[in-house]
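Model the full assembly from the supplied sequences, consistent with the hints where possible.
Chains as they are written, first to last, in numbering that gives the first Met the number 0: chain A, 0 to 268; chain B, 0 to 289.
Please keep in mind that the hints were generated in silico from the structure rather than gathered at the bench.
Among the clues, some could well be false.
[Claimed, not checked] Under the rule of at most 25 Å between Cα atoms (straight-line distance), these lysine to any residue pairs were calculated in the SDA-like manner: (1) B:60 with B:142; (2) B:97 with B:240; (3) A:142 with B:5; (4) A:141 with B:197.
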Amino acid sequence: MVRAQARVLWRTRGRCVEEHRIWGDAVIIRLETVTKRYPNGHVALDDVSLTIPRGEFVFVVGPSGAGKSSLIRLLYHEEVPTSGEVYVDQFRLGRLRRGQVPRLRRLLGVVFQDVRLLPDRDVYHNVAFAMQVVEASPRDIKKRVPQMLELVGLQARSHHFPHQLSGGEQQRVGLARALVNNPHYLLADEPTGNLDPETAEGIVKLLSEINRRGATVVMATHARDIVNRMNRRVLAIEGGRLVRDDARGRYEEEGPARTTWLSTVSHEA
Amino acid sequence: MGYFWREAARGVRHTGWMSVASVLTVSVALFVLGVFGVLSINLEHAANALNRQVELQAYFKPSMKPAAEHAFLAALKHEPGVRRVIFVSKTQALGQLKKEFPHDTTLWQLISQGNPLLDGFQVYTKQPRQIPPLARTLRKSPDVGQVVYQATVVSRLTVVTRILRTGGYVVEALLAFATLFIIANTIRLGVFARRREIAVMKLVGATDWFIRWPFLLEGIYLGLMGAVLASAAVIVGYHWVFHTAAHVVAFFPLAGVSVIERSTMETTGVGGVAVGLLGSLWALRRFLRV
Ligand SMILES: Nc1ncnc2c1ncn2[C@@H]1O[C@H](COP(=O)(O)OP(=O)(O)O)[C@@H](O)[C@H]1O
Ligand SMILES: [Mg+2]
Chain A
0 MVRAQARVLW RTRGRCVEEH RIWGDAVIIR LETVTKRYPN GHVALDDVSL
50 TIPRGEFVFV VGPSGAGKSS LIRLLYHEEV PTSGEVYVDQ FRLGRLRRGQ
100 VPRLRRLLGV VFQDVRLLPD RDVYHNVAFA MQVVEASPRD IKKRVPQMLE
150 LVGLQARSHH FPHQLSGGEQ QRVGLARALV NNPHYLLADE PTGNLDPETA
200 EGIVKLLSEI NRRGATVVMA THARDIVNRM NRRVLAIEGG RLVRDDARGR
250 YEEEGPARTT WLSTVSHEA
Chain B
0 MGYFWREAAR GVRHTGWMSV ASVLTVSVAL FVLGVFGVLS INLEHAANAL
50 NRQVELQAYF KPSMKPAAEH AFLAALKHEP GVRRVIFVSK TQALGQLKKE
100 FPHDTTLWQL ISQGNPLLDG FQVYTKQPRQ IPPLARTLRK SPDVGQVVYQ
150 ATVVSRLTVV TRILRTGGYV VEALLAFATL FIIANTIRLG VFARRREIAV
200 MKLVGATDWF IRWPFLLEGI YLGLMGAVLA SAAVIVGYHW VFHTAAHVVA
250 FFPLAGVSVI ERSTMETTGV GGVAVGLLGS LWALRRFLRV
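As structure tokens, then:
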């Protein structure tokens with residue numbers, strides 16, 4: 000009986016992997032009926048299924064508390080789904096062995112919503128650190144880190160510590176750290192949250208450039224202007240459910256009917 | 000590799016006083032280990048020195064003429080239980096003494112004024128239990144001045160060595176446990192102090208071993224520091240004992256200083272590394288899951 004169940008399970012698993020393969024190189028990120036319930040009982044994602052092909056640029060929008068960050072955290076395996084399955088690249092995250100986690104994460108560059116810089120290292124070393132972790136050579140580190148800092152416009156801040164930077168500058172350091180290892184995927188959780196409009200614009204240009212060079216970009220955001228101007232795919236999450244998936248989307252759903260929640264968004268952090 | 004050592008040093012600074020405390024604990028434990036080592040080496044040394052000596056040694060009275068001495072020994076060879084008899088002239092005895100204490104200047108001055116030693120002989124019996132009756136017979140002889148035998152001393156020394164070893168193991172086991180405990184806690188404190196950093200490292204793709212290395216090195220470093228302190232204390236102490244003993248009891252068979260130095264550095268070094276490595280492995284056996 001148990002054995003029969005195990006066989007069925009095994010087959011199901013095999014089929015999922017197969018299916019994933021059939022989607023082939025095109026599909027890079029996939030969620031299958033994913034539900035995330037936190038230990039306190041709160042359901043942050045409710046039966047979400049979606050696919051993101053290689054090389055796409057995707058906005059994840061929704062009001063504060065909708066579940067955007069939870070979705071991103073599932074993708075880099077900081078959280079695991081309560082049910083359903085998440086695939087990223089060749090990894091099936093629900094069955095990821097401990098030793099494989101670093102291999103997954105080395106494909107990803109993540110900009111965390113709470114930035115997570117190390118307070119006792121200066122800007123240069125906060126970025127260099129990501130390269131040390133993947134055991135890059137000191138020569139490469141010396142060459143690459145200043146390039147990255149220049150890219151985000153912080154070369155003059157190299158020797159400042161995080162507490163000496165503004166929120167926006169900290170976020171740009173976080174972005175430099177995420178990009179320094181040339182990730183295949185960039186997961187950015189509100190990377191423009193603390194930025195003035197011009198800088199935010201610059202950051203998004205940077206992300207599109209990285210996307211143009213082949214990286215798949217997933218960006219959770221509140222920035223209505225940016226989403227509307229970029230005219231990229233938009234996934235809208237509301238109360239943990241995927242309520243809209245538009246290939247060339249705007250921040251709000253077309254038409255006046257469903258704008259009620261959206262009007263509150265711009266006020267939230 | 001440079002990266003790991005830098006991170007380990009950073010860790011030691013992070014944990015400050017806790018590191019000092021664990022180095023001191025390690026050094027106390029290793030000091031005790033070192034002292035046990037010194038004692039057991041010395042007991043072994045003494046036992047060997049005595050074992051090398053004959054089963055029974057006797058000296059003629061100074062009035063004996065060489066011819067009479069030889070006649071006495073020829074007769075002794077035919078006594079029941081006697082296996083072998085060796086004559087040791089006072090000149091030979093002096094030579095022996097010179098060889099054993101080549102650096103003892105007081106002794107040199109003393110014996111350069113004339114040989115104070117006596118002719119004597121060593122007797123080996125077929126069975127150890129035949130020694131006491133033989134000794135009694137020899138003591139009664141009017142030609143023999145003094146009879147010495149050390150068989151019981153040797154066997155007692157062996158027993159003492161064994162007791163010391165067993166006791167040493169027990170004490171060391173307890174101390175090792177305490178040491179492991181404090182090193183593990185020091186490392187754990189370091190892990191806790193740097194948990195944010197570790198979490199971010201993991202999120203940007205660090206392997207578990209990449210994160211463990213600095214902590215393992217930190218543990219080894221603490222262990223080695225303890226070993227240096229402990230062996231310094233043991234060696235300095237032994238130098239003192241050795242020189243004091245040389246003045247008080249000139250012929251006490253202490254093991255040489257260089258032998259002790261080497262074995263102390265070896266045992267404390269190995270002990271320090273082992274305890275540091277095991278302590279940190281213990282601390283890291285399940286650490287921050289992210
Ligand atoms: N670790 C957690 N434990 C419990 N509830 C959480 C946790 N993280 C997030 N939540 C809750 O899940 C919901 C979704 O959060 P989040 O994914 O951060 O939303 P968003 O990023 O869209 O603002 C929120 O109601 C939040 O309070
Ligand atoms: Mg969020």
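>> Just to be careful, I want the Cα atoms of residue 141 (chain A) and residue 197 (chain B) compared with a cutoff of 25 Å; is the pair within it?
In response: holds, 23 Å
>> Just to be careful, I want the Cα atoms of residue 60 (chain B) and residue 142 (chain B) compared with a cutoff of 25 Å; is the pair within it?
In response: holds, 6 Å
> Straight-line Cα separation of residue 97 (chain B) and residue 240 (chain B) no greater than 25 Å?
Replying inline: The given pair, whose Cα atoms are some 23 Å apart, holds under the 25 Å limit.
>> Please verify whether residue 142 (chain A) and residue 5 (chain B) have alpha carbons no more than 25 Å apart.
In response: Given pair residue 142 (chain A), residue 5 (chain B) holds - Cα atoms ~21 Å apart, limit 25 Å.
Checked against the numbered hints above, the structure breaks none of them.
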